[in-house]
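Protein sequence lines correspond, in order, to chains L and S.
Here the numbering used here is used: the first residue of the first sequence is 6, the next is one more, and so on.
Here the numbering used here is used: the first residue of the second sequence is 3, the next is one more, and so on.
To be clear, the hints were calculated from the coordinates, so they are not data collected in a lab.
Predicted, not measured: the structure shown is a model, and the values here were computed from it.
Where hints are given, some of them may not hold.
To be verified - Just a sample of chain L residues kept apart from chain S, beta carbon distances all over 10 Å, derived:
{"no.": "1", "residue": "93"}
{"no.": "2", "residue": "101"}
{"no.": "3", "residue": "109"}
{"no.": "4", "residue": "174"}
{"no.": "5", "residue": "187"}
{"no.": "6", "residue": "226"}
{"no.": "7", "residue": "227"}
{"no.": "8", "residue": "228"}
As the list claims (entries may be wrong) - Straight-line C-alpha distance at most 25 Å; calculated DMTMM-like pairs for lysine to aspartate or glutamate:
{"no.": "9", "chain 1": "S", "residue 1": "147", "chain 2": "L", "residue 2": "283"}
{"no.": "10", "chain 1": "L", "residue 1": "286", "chain 2": "L", "residue 2": "96"}
{"no.": "11", "chain 1": "L", "residue 1": "53", "chain 2": "S", "residue 2": "124"}
{"no.": "12", "chain 1": "S", "residue 1": "69", "chain 2": "S", "residue 2": "183"}
{"no.": "13", "chain 1": "S", "residue 1": "147", "chain 2": "S", "residue 2": "241"}
{"no.": "14", "chain 1": "L", "residue 1": "53", "chain 2": "S", "residue 2": "183"}
{"no.": "15", "chain 1": "L", "residue 1": "88", "chain 2": "L", "residue 2": "242"}
{"no.": "16", "chain 1": "L", "residue 1": "88", "chain 2": "L", "residue 2": "302"}
{"no.": "17", "chain 1": "S", "residue 1": "147", "chain 2": "L", "residue 2": "100"}
{"no.": "18", "chain 1": "S", "residue 1": "69", "chain 2": "S", "residue 2": "260"}
{"no.": "19", "chain 1": "S", "residue 1": "147", "chain 2": "L", "residue 2": "305"}
{"no.": "20", "chain 1": "L", "residue 1": "88", "chain 2": "L", "residue 2": "283"}
{"no.": "21", "chain 1": "S", "residue 1": "147", "chain 2": "L", "residue 2": "309"}
{"no.": "22", "chain 1": "L", "residue 1": "53", "chain 2": "S", "residue 2": "117"}
{"no.": "23", "chain 1": "L", "residue 1": "101", "chain 2": "L", "residue 2": "305"}
Unchecked claim - Distance ranges between label pairs, derived from CB positions:
{"no.": "24", "chain 1": "L", "residue 1": "284", "chain 2": "S", "residue 2": "118", "range": "39 to 45 Å"}
{"no.": "25", "chain 1": "L", "residue 1": "139", "chain 2": "S", "residue 2": "27", "range": "17 to 23 Å"}
{"no.": "26", "chain 1": "L", "residue 1": "166", "chain 2": "S", "residue 2": "38", "range": "18 to 24 Å"}
{"no.": "27", "chain 1": "L", "residue 1": "94", "chain 2": "S", "residue 2": "24", "range": "51 to 57 Å"}
{"no.": "28", "chain 1": "S", "residue 1": "113", "chain 2": "L", "residue 2": "166", "range": "51 to 57 Å"}
{"no.": "29", "chain 1": "L", "residue 1": "150", "chain 2": "S", "residue 2": "19", "range": "37 to 43 Å"}
{"no.": "30", "chain 1": "L", "residue 1": "175", "chain 2": "S", "residue 2": "275", "range": "27 to 33 Å"}
{"no.": "31", "chain 1": "S", "residue 1": "234", "chain 2": "L", "residue 2": "54", "range": "22 to 28 Å"}
{"no.": "32", "chain 1": "S", "residue 1": "90", "chain 2": "L", "residue 2": "253", "range": "44 to 50 Å"}
{"no.": "33", "chain 1": "S", "residue 1": "121", "chain 2": "L", "residue 2": "72", "range": "17 to 23 Å"}
{"no.": "34", "chain 1": "L", "residue 1": "94", "chain 2": "S", "residue 2": "31", "range": "45 to 51 Å"}
Glycine included, every Cβ here is placed at the ideal spot set by N, Cα and C.
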Amino acid sequence: MANAARPRPDMPAPQPVESTKVNDVSSDGKRAARLFGVSSEAGDQVFKFAMLLCGLAVLATLGLIVYELVLRSGPSWHAFGFKFFAARDWDPVNEKFGALPFVYGTLVSSLLALIIAVPLSIGVAVFTTEMCPPLLRGPLSFFVELLAAIPSVVYGLWAIFVMVPILSNYVEPFLSRTLGWTGFFVGPPYGISMLAAGIILAIMIVPIISSIAREVLMVVPQHQREAALALGATRWEMIRVGVLRNARAGIMGGIILGLGRALGETMAVTMVIGNRPEIAKSLFAPGYTMASVLANEFSEATGDLNLAALIEIGLALFLVTIVVNALARFLVWTVTRGQPSRSNA
Amino acid sequence: MPEREKSSALHTVPPIALRRRITDHVMTGVAVLTVILVLVPLFAIFAYLVYRGLGSINWAFLTQTPKPVGEAGGGMANAIVGSAFILGLASVLGVPLGVGAGIYLAEFGRNRFGDVIRFTADVLNGVPSIVIGIVAYSIVVLYQKHFSALAGGVALAIMMIPTITRTTEEMLLLVPQALREAAYGLGIPRWRTTLSITLRTATSGVITGIMLAFARVAGETAPLLFTAFGNQFWNLRADQPTAALPLQIFSYAISPYDEWHRQAWAGALVLIVLIVTAVAAVRYVVRRGTFGAA
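So that you can see chain L by itself, here it is in the shape it has in the complex (with noise of 0.2 Å):
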């Protein structure tokens, strides 16, 4: 990440000391203290004080985020407690909110971005730390890593007039001529669908996925490879016996933190998945998911509840990309900890 513009300790170091005429004050504290206009005592906790309260702000964020949500969401808690995510009907103008179709389209959206995106960002992944030349090594890390610099927005604006009609031309047709028989891929090939969502996302969690693989690849130690070689294992035996089995938990770790990001990402999903609150087996069906109801309908709530009931939904991403976050970076840790890699991203 910061590798090309790591600071370079030794080289400014001298500039402040000189300035202050080391020879002059010689080992004076006292006028080392007037030369710098403030009894050090004072100024030390001022400043040990506004940094503690520049933490604390971090902490008060979350603690923020935690009581609005909770306490704005409460009328919709009062007037559906937990069958508010068991009901499937989305009624504001008869004031019946179910949050059940967002739930399932978020998952399924979800869960389809880290079937295609796994096995891509696994592969990609042992190429560039086992078999791609060192030369290569550089700009393939760039190039995927620069996947994860496009603002959803632009990834959005993509798949409606690239992806769409590529989907609804060629590839859904193809599916459902090959696998319709399975249910997953029937109905009118229009590309707006869950199935369009699924692939934008997977698109957008490879580099997340890919990188902190790419990272507990790393930090395999290098004679567990050279074990497996000198036992006459190929290259690919090597790497799954040797490597991959050894990174497992912090790959692991990566597809939670994957999953986290497809969870709550709105924008990209929200302009291709359809917008419709439907339960629909079929991946070609429209659906909607949590984040795209928020991002379409938030400024627009007719009401008190409709508004809560839209904040609960809030609540509920929120508290489940915690979970997931936090269970990613314990697994990520549980690998890399102890090592000198000093990249946890």
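Knowing the structure of chain L, use the given hints to seat chain S on it.
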């Protein structure tokens, strides 16, 4: 196994070894294929951005406000400036807090309480941006009674803080302890040491972290939907709804008009170019300015 036997085993290839070798080649092929499959969308996106975007960028696009539906021409000038305005507000709020929290963690936070803040920052980093939008809505918009640039700035600031905090901490920890001790030995107070020596040594890393956070929020749309809200006209007042480039791209992209689709592509190209140049420029300046003497 004696050396001779082993080498002869290598030369006569029994069927089982052949299968293993084929598997090896197939898996190498699969890995190459995954790389290609991942890079194709990347190049496709950039190719389309340039292809559709370049054709649509003109002087009017960069200098005019949107025209009503049906009229040709018009541009996103107000959205470009609005984005810069909101990002400026976000930086003013987020950068000092983030750097301060990073300093606290690196210099005073080697304890349980520091771990709590560290964990909180990581959790904040994973909160979906749309949820942050809700919170900014309920703490700013509900009190002001209308959408505003400030609310957008608050939302983006909340998203910047965790990244800045963690990178600042990491960069400060890279500064050798001996440097701090040398400063203490000269009788320099701790606050002055931290600001003028530790932080200054780590400047380029800290600024890189800030730019990463900046680039991350510059393209954010979701938290602005119901905070900054968008605006068809010029606005530079913090308490009024303001246009933003990502918002404009979104609303044009989902509109049914070809003219607006064209402008959405142009807007996306401008957005990407701005993000990339901002990051590249700061990295260049920082590297030259601070360490140019090397």
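Run the C-beta distances from residue 228 of chain L to all of chain S and say if the shortest one exceeds 10 Å. Non-interface label stands for residue 228 of chain L: nearest chain S Cβ at 21 Å, farther than 10 Å.
When you check the alpha-carbon spacing of residue 53 of chain L and residue 183 of chain S, does it fall within 25 Å? holds (18 Å)
Indicate whether the distance between the beta carbons of residue 113 of chain S and residue 166 of chain L respects the range 51 to 57 Å. holds (53 Å)
Could you say whether the range 44 to 50 Å given as a hint is met by the Cβ separation of residue 90 of chain S and residue 253 of chain L? Once the Cβ atoms are compared, 45 Å apart, the range 44 to 50 Å for residue 253 of chain L and residue 90 of chain S holds.
Is the Cβ of residue 226 of chain L farther than 10 Å from every Cβ of chain S? Per Cβ check, residue 226 of chain L is outside 10 Å of chain S; nearest 21 Å; holds.
Run the distance test for residue 101 of chain L versus residue 305 of chain L: straight-line Cα separation, threshold 25 Å. Satisfied, since the Cα-Cα distance of roughly 16 Å is no more than 25 Å.
If you check the beta carbons of residue 139 of chain L and residue 27 of chain S, does the distance land in 17 to 23 Å? Since residue 139 of chain L and residue 27 of chain S have Cβ atoms about 21 Å apart, the given range 17 to 23 Å holds.
Distance rule for residue 174 of chain L, whose beta carbon must clear each one in chain S by more than 10 Å: Holds: least Cβ distance 16 Å, greater than 10 Å.
So if I understand the rule, the pair passes when the alpha-carbon distance is 25 Å or less; does residue 147 of chain S with residue 283 of chain L pass? At roughly 34 Å apart (the allowed maximum being 25 Å), residue 283 of chain L and residue 147 of chain S break the hint.
Please work out if residue 147 of chain S and residue 305 of chain L have their alpha carbons no farther apart than 25 Å. holds (14 Å)
Holds or violated: residue 53 of chain L to residue 117 of chain S, with C-alpha atoms at most 25 Å apart: Status holds; Cα separation ~17 Å.
Beyond 10 Å from every chain S Cβ: check whether that's true for residue 101 of chain L. Holds, since 22 Å exceeds 10 Å.
Of the numbered hints stated above, those contradicted by the structure are hints 9, 12, 15, 31, listed in ascending order.
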